[in-house]
Amino acid sequence: MTTDIKIVEEAKKPLSMHPQKFAMWLFIVSVTMLFMAWTSAYIVKRGEPGWSSFELPQEFWTSSVIIVLSSISLIWAQVSAKRDNLEMVKVAVSITTILGLAFLAAQWLAWIKMVEMNYYFTGMGSNTSSSFIYVLTGVHGLHLIGGIVFLLIVLVSTFRYKIHSKNMVRMEMCATYWHFLGGLWLYLFVFLVLNR
Amino acid sequence: MATTDIHIHHETEHHDDHDHEHHEGNFWTTYIFSQDHKVIAKQFLITGIFWALLGGTLSVIFRLQLGFPDMNLDWLKPVLGEWITPEGKLDPEFYLALVTMHGTIMVFFVLTAGLSGTFSNFLIPLQIGARDMASGFMNMLSYWFFFLSSVIMFISLFLETGPAGGGWTIYPPLSALPQAIKGSGTGMTLWLVAMALFIVSTLLGGINYITTIINMRTKGMSFTRMPLTIWAFFFTAIIGLLSFPVLFAAALLLIFDRSFGTSFYLSDIFIGGEALPHTGGSPILFQHLFWFLGHPEVYIVLLPALGITSEIIATNSRKPIFGYKAMIGSMLFIAILSFIVWAHHMFVTGMNPFLGSIFMLLTLIIAVPSAVKIFNYVTTLWKGNLIFTPAMLFSIGLVSFFLTGGITGIFLGNSAVDIQLHDTYFVVAHFHLVMGSASFFGMLAGVYHWFPKMFGRMMDNRLGYIHFWVTFVGVYLVFFPMHYIGIAGFPRRYYSWTNFETFSGFADLNTMVSVAAILTLAAQFIFLFNFFYSIFRGKAASANPWNSNTLEWTTPRNPGHGNWVGEIPSVYRWPYDYSKPGAKDDFIPQTVPYSETPESNLPHENELIRLESSGGDGSIIVEGNKH
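Note that the protein sequences, when read in sequence, are chains E and X.
All residue numbers in the first sequence are consecutive under our numbering, ending with 196.
All residue numbers in the second sequence are consecutive under our numbering, ending with 627.
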């Protein structure tokens with residue numbers, strides 16, 4: 001019986017990151033493309049005859065402030081989770097969730113205001129420009145509802161002590177998505193303000 | 001008292017051994033709601049085959065109308081019912097629906113889901129050395145969304161008003177107004193719903209493919225050691241991720257126009273003298289959005305086929321692929337260009353001629369990377385020890401179609417020439433060769449090549465040869481004459497040309513095309529028999545029947561969930577070490593370290609061993625083997 005010793009060069013580990021986080025970024029890319037398509041279409045339409053410019057309701061300013069605040073409170077939650085200050089995490093994630101709901105409410109009020117201003121989504125009085133606002137805000141709102149569900153999942157896992165400084169993946173993915181939605185709204189808002 | 005569970009996750013941790021225990025599920029979890037990428041791949045393949053058969057049959061039905069305009073089709077009544085008029089003719093509106101459904105089924109359900117879905121799912125984990133996809137659950141969802149989409153599209157075939165009839169490109173206003181034709185009614189609604197689900201399926205799949213390729217590779221599998229198949233699937237998934245959301249955006253606006261009364265694409269339309277309430281929309285906007293997906297879609301269909309072919313041609317030429325990096329580079333270049341050429345589908349929409357010439361220039365540049373690829377295929381074949389397996393023949397067939405069909409693309413890409421050729425059979429011939437037949441051949445080549453890995457058995461070679469030659473000759477007989485018909489001015493999507501005296505000279509040619517189409521479809525039944533018979537009764541396959549280098553052939557004959565028994569093999573070299581001078585065999589699998597093949601190493605490869613064994617901590621691995 002002999003012992004045969006093989007010397008083999010090392011097979012290097014390829015560069016990699018957490019697959020779920022990576023998938024989240026790819027999802028964000030596809031959502032970005034969706035809104036890129038619409039805002040590009042918007043610009044194309046705007047250059048054509050028959051475009052009517054409009055005034056944005058004040059409520060959009062309110063909702064923009066709310067969503068910025070919600071991102072700030074989520075950063076606060078993240079920092080607290082990293083410091084294992086779990087009580088603070090619960091408070092901060094709850095505040096973020098409530099701010100998220102407040103954002104949706106503000107968007108809803110804005111829609112009501114738009115109807116009062118005679119900007120309709122469909123029908124005789126509607127114009128492509130106002131239809132576009134409803135589509136952009138509506139689909140963003142749908143994604144935000146998804147974000148709120150994600151926040152609730154994070155909240156529940158905080159209560160089950162599944163989120164702390166050694167287990168940040170879910171928290172970080174939620175934060176990535178939430179900040180993205182905030183950024184996306186600010187982009188849409190600035191876009192609409194500039195391209196009325 | 002509260003406790004905290006502590007899981008320490010290293011971000012870079014490789015998912016090595018965490019689920020290769022045997023999953024002994026029941027029938028439902030093993031074959032139906034499986035999360036195993038190999039089972040999902042087979043589900044995609046079988047569904048794709050079903051759709052291909054259906055799409056092919058639809059094309060033969062409308063070819064009967066085109067080739068034999070005077071034929072009495074009463075014998076189709078048991079199947080088509082009221083779609084055959086009392087005079088025994090095909091209903092003209094149903095003809096439009098047939099063309100539409102043929103296109104939709106072939107482009108999306110067969111060549112996107114059937115091709116990418118099958119081979120990305122099957123090969124990515126196996127060839128990069130992963131236990132499964134990054135998320136098996138998402139992967140399963142991807143199939144079931146596709147299945148749901150398929151069911152809805154299939155149901156639309158049986159509506160009284162027929163399936164969608166506005167062409168697979170569903171241009172509004174035709175597709176947006178239910179009053180326009182029968183095919184714009186419920187059929188179009190179901191089409192849009194099915195496609196929305198299809199897009200969700202593609203995105204779920206694509207996100208998984210990219211994540212898996214980037215993050216789940218085994219040790220040593222650097223980007224430059226990945227097989228070209230994986231590179232092709234990688235680019236395909238990226239293109240899909242960027243372009244399918246745009247189709248979704250376009251489709252959603254169309255849904256709003258159809259069902260909610262907005263006017264994104266509609267303006268100033270009068271029906272029966274009455275003006276519709278829609279104002280301010282633009283149908284051209286839809287074309288821009290549609291073709292922003294539509295053109296990349298061509299490469300979503302083609303790139304996987306090109307990747308599969310690269311692998312098969314290198315293996316069966318027993319030669320390294322010629323220009324590995326050039327192949328990757330050209331695919332990357334094609335992928336980038338695919339996003340900035342969409343308006344060449346719209347030269348005749350009244351676009352600014354200057355803009356037209358920019359798109360023309362960009363379009364013609366695609367010829368460069370495409371030519372690089374063809375050159376590389378030919379130079380790989382050159383002086384190789386060619387082994388003509390059916391997979392190899394289909395791969396060479398692909399190269400032939402890619403060339404013949406690609407050449408006509410250069411004509412069509414010219415904005416001036418396109419004015420004459422636009423929407424004629426010349427276009428039909430072009431894209432059926434370069435995208436339809438080429439991708440279809442890539443898919444068939446892949447099935448023949450990886451069948452042993454999928455089912456542990458071999459397909460019959462002789463039937464494969466018959467299948468290949470009949471299909472290859474048949475495809476050319478169908479599509480080559482169409483170039484002439486197209487140059488003569490035959491427009492696409494016309495129900496009949498018997499009213500035009502000019503076109504009567506081509507009646508015989510059209511008959512010949514139809515006969516060839518029927519024969520080509522018939523030949524596919526040889527494949528079907530071979531496929532299903534071999535699953536159960538085929539000759540048992542050896543572990544590595546083609547003497548191939550890639551990782552999937554290091555798995556057991558019928559790999560279980562988790563793919564490898566024991567540790568995942570490490571990778572030490574690129575996948576194309578075929579016929580390396582000095583080597584014992586004419587192939588060296590990727591799992592063989594350079595240090596074990598001193599007789600065939602090139603100087604820079606010897607350099608690699610030396611550097612790494614003097615590199616410091618952990619760079620020398622000593623394996624003790626007792627004999």
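Keep in mind that the hints are not guaranteed to be accurate.
No farther apart than 30 Å at their CA atoms in a straight line, the calculated lysine-lysine pairs in the DSSO-like style are these [to be verified]:
| hint | chain 1 | residue 1 | chain 2 | residue 2 |
| --- | --- | --- | --- | --- |
| 1 | E | 13 | X | 584 |
| 2 | E | 12 | X | 584 |
| 3 | E | 21 | E | 90 |
| 4 | E | 12 | X | 89 |
Rather than coming from a laboratory, the hints here were simulated on the basis of the structure.
These figures come from a predicted structure and were not determined experimentally.
Ascending list of hint numbers which this structure does not respect: Hint 4 is the one this structure does not satisfy, whereas the remaining hints hold.
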